[in-house]
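Protein chains: 4
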Amino acid sequence: MRFFSDNAAAAHPAVIDAIAESNRLDTAYDGDSWSQCLDAAFSELFETDVRALWVATGTAANCLALATLCPSYGAILCHRDAHIENDEAGAPALFTGGAKLTLLDGEGAKLLPETVEAACARVRKDVHQVQPRALSITNATEYGLSYRASEVAAIGDAARRHGLGLHMDGARFANAVAFTGESPANLTWRAGVDALSFGFVKNGGLNAEALIFFRRELADEAVVMRKRSGHLFSKGRSLAAQLLAMLDGDLWMENGRKANAAAQRMATAAPDRLVHPVEANEVFLRMTSDEAAALRAQGFDFYDWGVGEIRLVTSWNSDDTAVAKLSAAIASL
Amino acid sequence: MRFFSDNAAAAHPAVIDAIAESNRLDTAYDGDSWSQCLDAAFSELFETDVRALWVATGTAANCLALATLCPSYGAILCHRDAHIENDEAGAPALFTGGAKLTLLDGEGAKLLPETVEAACARVRKDVHQVQPRALSITNATEYGLSYRASEVAAIGDAARRHGLGLHMDGARFANAVAFTGESPANLTWRAGVDALSFGFVKNGGLNAEALIFFRRELADEAVVMRKRSGHLFSKGRSLAAQLLAMLDGDLWMENGRKANAAAQRMATAAPDRLVHPVEANEVFLRMTSDEAAALRAQGFDFYDWGVGEIRLVTSWNSDDTAVAKLSAAIASL
Amino acid sequence: MRFFSDNAAAAHPAVIDAIAESNRLDTAYDGDSWSQCLDAAFSELFETDVRALWVATGTAANCLALATLCPSYGAILCHRDAHIENDEAGAPALFTGGAKLTLLDGEGAKLLPETVEAACARVRKDVHQVQPRALSITNATEYGLSYRASEVAAIGDAARRHGLGLHMDGARFANAVAFTGESPANLTWRAGVDALSFGFVKNGGLNAEALIFFRRELADEAVVMRKRSGHLFSKGRSLAAQLLAMLDGDLWMENGRKANAAAQRMATAAPDRLVHPVEANEVFLRMTSDEAAALRAQGFDFYDWGVGEIRLVTSWNSDDTAVAKLSAAIASL
Amino acid sequence: MRFFSDNAAAAHPAVIDAIAESNRLDTAYDGDSWSQCLDAAFSELFETDVRALWVATGTAANCLALATLCPSYGAILCHRDAHIENDEAGAPALFTGGAKLTLLDGEGAKLLPETVEAACARVRKDVHQVQPRALSITNATEYGLSYRASEVAAIGDAARRHGLGLHMDGARFANAVAFTGESPANLTWRAGVDALSFGFVKNGGLNAEALIFFRRELADEAVVMRKRSGHLFSKGRSLAAQLLAMLDGDLWMENGRKANAAAQRMATAAPDRLVHPVEANEVFLRMTSDEAAALRAQGFDFYDWGVGEIRLVTSWNSDDTAVAKLSAAIASL
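Protein chains in written order, with my numbering: chain A, 1 to 333; chain B, 334 to 666; chain C, 667 to 999; chain D, 1000 to 1332.
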């Protein structure tokens, strides 16, 4: 019974079907009929004209976005615990040509506008210090908190005041949308977001993420850099088809809701242990190593999060029985 | 009836089946049971211990290999018409940190040892000139010629004499093996190759290539750079499963043979028009634009190759009837 | 008696005096009173508002200029024998983040507009091929030819038609101005040049070159990259003072004329041996290795230029007697 | 009366004389007779065989050193207030190809071995996190503290245990040697330092620093990168001559002692205001903005260091009278 990570879950059957169905000769790269539908499909979802590119990994999506927003000699503000800082092996530096990540603090990996303001104020406006040029926030955050639209908008205002491009790492965007009930538009471009890594892999996709540009001209550069970084697939239709399958009938929302619901059940079972509010599909619990060992002995698999904490992650296909069992097991510790 | 490129063909059904079959929760990245089989499976094929990494695109495979063989301040020798020079958007520079491609000539995109020797001799041994550190050859070449094992070995000797790491871009390695009848081992490490981009996508795969390191220690660096360039898939099992399906029962060889056979049929139909010998699955023909237009009017699709030439590419599932029709149509021009 | 290279010559005494004279406490970096004069001084020389930055080496000047004109994923067109290709250790790739040098042919290292046009035409307008974004010419060229203003203008037109930024490597700009009798303005911005590496080191400077931006906004990025590449000197006044000393009383022109005159004397002595017309301070002569040895035995020092050719370079302080002796020695071979 | 920075001071007359004296034709780059003496001169000073390269700026020295010690995908540990992090415009990322700076805390910009150990322990040993490969310390630190040899040795032990190359930014190495009374050898290679940026510009040089490699093989790569970053001067003799002049008669030590003595005088005048012990040529004082304004009104020039602090920097030629006046002025605030 694995609660290790949503990125290890199986893909949704509809996604596998879409791959199989798109498996026929068509124009290579992104000239095929599936890829050609992406702009329209995502524009409808976001209620504005967007450019939508498939990429295969979240790291690629994040870093291509950042590379359009920040020059090699600029800095990207982000949370100290951001995925781009901690889990991408320095990829942002590769894609941007060496841009610096300036690390900010914030409860639950969430940034506040005043933190952004203060960070900008600390930088001398001279050639000796790396000037901030972009800001990246994660929604839902690495600790499972979801920004509300108003919170993103406040961050977006700060970004604009300081001339920062705004990127949202939406590896768990579905979970944030499902939790907040906000529209995708309100959580992004209406709040000042320039580019969104719209994650599908953690939400039932196999190997397709959408990179969405609300400032559409940025996509011109991104398509070049996608190729230059080896991310232009010749049979790109298999990625486009996955995305379309996830959008179809709002499967992405349905999956996000299921994962969130499973997380809530576990949160309910252990309200006193919660390290962070549960606003997506991650549950961080205070737990001694003995307790953790006891759970593992019962067949549960999960991540130790430093000393005295564990992380449980649910997914679109978290098994109901397993969730119930784990909830019970935690409650009875 | 498309003869445009093998990279646009459908994937083999066995590959799609393997993706579906591997679609279950397992350890993320390359910790799953499929990925863990790759070293052994390719070691058996190559009759020596190798490290085998999945990557999704040929560009990624080539550039990761080159980045392990050449420092940022070194040069990579390659043919003027090499894919890494002409069709990868400068990706080698991104992955290596700016290494230079030094372009060499050679009939049919094939390099000769003396050309390599001469290129090395031209470089002054000082800090002002970029020193060659690696050599990349393509087998089969971009013009559909296949290196024999003895030819690779002669190149390998030249590389060793000048301290060059040797990379083989095997986007069409299956076609070269099928045409020459040489063993994979003889065409690679026994001939001095350090790293091979073993292509599957053009040969029936969907989005999985194998990056093979014969100097196994190079793989340690490559796995870091794979992640850093955004090419480490969380559900990597879907790539590993494709490779294993292609190796199973030597499907890769069967596919290569089929594509080669289709090319030979067309070559036989137009012996006087051949620009290059047909030693893989590509056929380059002299043809006026009027003739090309006539073929297109009959429903055939292909690439103009400069002025007065066309390129026909066959694949593992080139339609027999279409091949016969095109052969006849060319013969009767 | 050394005719090896102008870059090894002594600096002009006025330059050394200027360094000594500027050796007093002032604002660091480029905030001092000397540095603050550069824009005005060069604007007057060029008859238009320019931004002028000191840098210490020609490589730095060239590469900073190119980095403002070409993105990491673009190509820079230049002659096959250009200094940026052959003698800068790959520095353009470092400064631009991996831009590609596309090598063109041309008599005497001089480019023609039609060569530039043809090079642009050869590139497919897709994401697979690196798109040209800049063009670099050297004046005087690496073989001592000088572009006339009309020739630069024709190149400039071609550059503009294809959206290429135009850089001039003027390591021997003084020699070109002196030879052609054209104004600095006519040879540069009036002919479409965006940025000029205005060389002084080969012309009597110690370690100061001027990087001139005619598109002034480019300088904003260049000053950041100058610092980021370690080229912002804390006592920059010593560089600025050198440039001002060279401009003072047109010392740079006087030095250029002297070097050219010495070259002409040697050219006159060996009209039948000339490989290229002598239009600056370099003389390329056909010469057997026996003849070269004979000259060396008489105490002359110079560069073999491949087989059967030698290169003689004069400088602002080439010794008249040595020049006369060498001219006589060549004439009597 | 300026106490703004030592990097704005005049160069020592002996340095200017050396430049003038070396101003004659010699072999270009570092083939001249001055440059050829550096290895021997510094080997004697350090009591072991070293390779010594001239470079013109501290940023270049630091970043060339780091680029030999850390691959593009590695991390460099340093103090949060290190010059390489705060004042070099991201140059380490340019030179290393994107290595990450991991920021550590420590009183007075000084690192402790246990801090290094803890930082290494925090990094998961997987491909997702950037692995530490180098460690950079500054001696004297950015806050004017000097590491003792035993402290460096403890750091060096920690570095070795974790496979980190050890770099010392010695922009004020002379001040540290003068203050501690330790030998250059004890403060560097005997304590595990692999490469030292030996600063001269802040200590009376004009534009020459020495980059010292105790692991001599690293210099082979550094000389290539020096050229590739535009830092190989054609008249390098002017840099080498400066270094030799500074070594001659231990002028560098004499200058360091003078600067330190001036700082001590001011420290003595304001013992209660000291933010840090004064162990080099920098004095950080607590001071209200009114007090600072009062000093400025008396003609003193210095840096505000955040709110409520100022920084005074002395140099080899700090004027005795000015130092006395400022000391008195502070004492009577």
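Treat each hint with caution, since some may be false.
[Claimed, not checked] Computed Cβ-Cβ distance ranges for the label pairs, DEER-style:
#1 A/Gly-163 / B/Asp-637: 44 to 52 Å
#2 B/Arg-629 / C/Thr-714: 49 to 57 Å
#3 C/Arg-746 / D/Gly-1030: 53 to 61 Å
#4 B/Lys-458 / C/Asp-886: 35 to 43 Å
#5 C/Thr-714 / B/Val-640: 51 to 59 Å
#6 B/Lys-458 / A/Asp-157: 42 to 50 Å
#7 C/Asp-886 / A/Arg-286: 16 to 24 Å
#8 A/Asp-304 / B/Tyr-636: 27 to 35 Å
#9 B/Gly-639 / C/Gln-964: 33 to 41 Å
#10 A/Asp-157 / D/Lys-1324: 16 to 24 Å
#11 A/Gly-163 / B/Gly-364: 39 to 47 Å
Note that these hints are calculated values from the structure, not bench results.
Values in this document were obtained by computation on a predicted structure and should not be read as measured data.
A virtual CB, placed ideally from N, CA and C, is assigned to each residue, including glycine.
Okay, the hints, checked on the actual structure:
1. A/Gly-163 / B/Asp-637: 44 to 52 Å: Since A/Gly-163 and B/Asp-637 have Cβ atoms about 46 Å apart, the given range 44 to 52 Å holds.
2. B/Arg-629 / C/Thr-714: 49 to 57 Å: holds (54 Å)
3. C/Arg-746 / D/Gly-1030: 53 to 61 Å: violated (27 Å)
4. B/Lys-458 / C/Asp-886: 35 to 43 Å: holds (40 Å)
5. C/Thr-714 / B/Val-640: 51 to 59 Å: Distance hint for C/Thr-714, B/Val-640 is violated at roughly 44 Å.
6. B/Lys-458 / A/Asp-157: 42 to 50 Å: Since B/Lys-458 and A/Asp-157 have Cβ atoms about 58 Å apart, the given range 42 to 50 Å is violated.
7. C/Asp-886 / A/Arg-286: 16 to 24 Å: violated (51 Å)
8. A/Asp-304 / B/Tyr-636: 27 to 35 Å: violated (55 Å)
9. B/Gly-639 / C/Gln-964: 33 to 41 Å: violated (54 Å)
10. A/Asp-157 / D/Lys-1324: 16 to 24 Å: Distance hint for A/Asp-157, D/Lys-1324 is violated at roughly 49 Å.
11. A/Gly-163 / B/Gly-364: 39 to 47 Å: holds (42 Å)
This entry does not satisfy hints 3, 5, 6, 7, 8, 9 and 10, going by the numbered hints stated previously.
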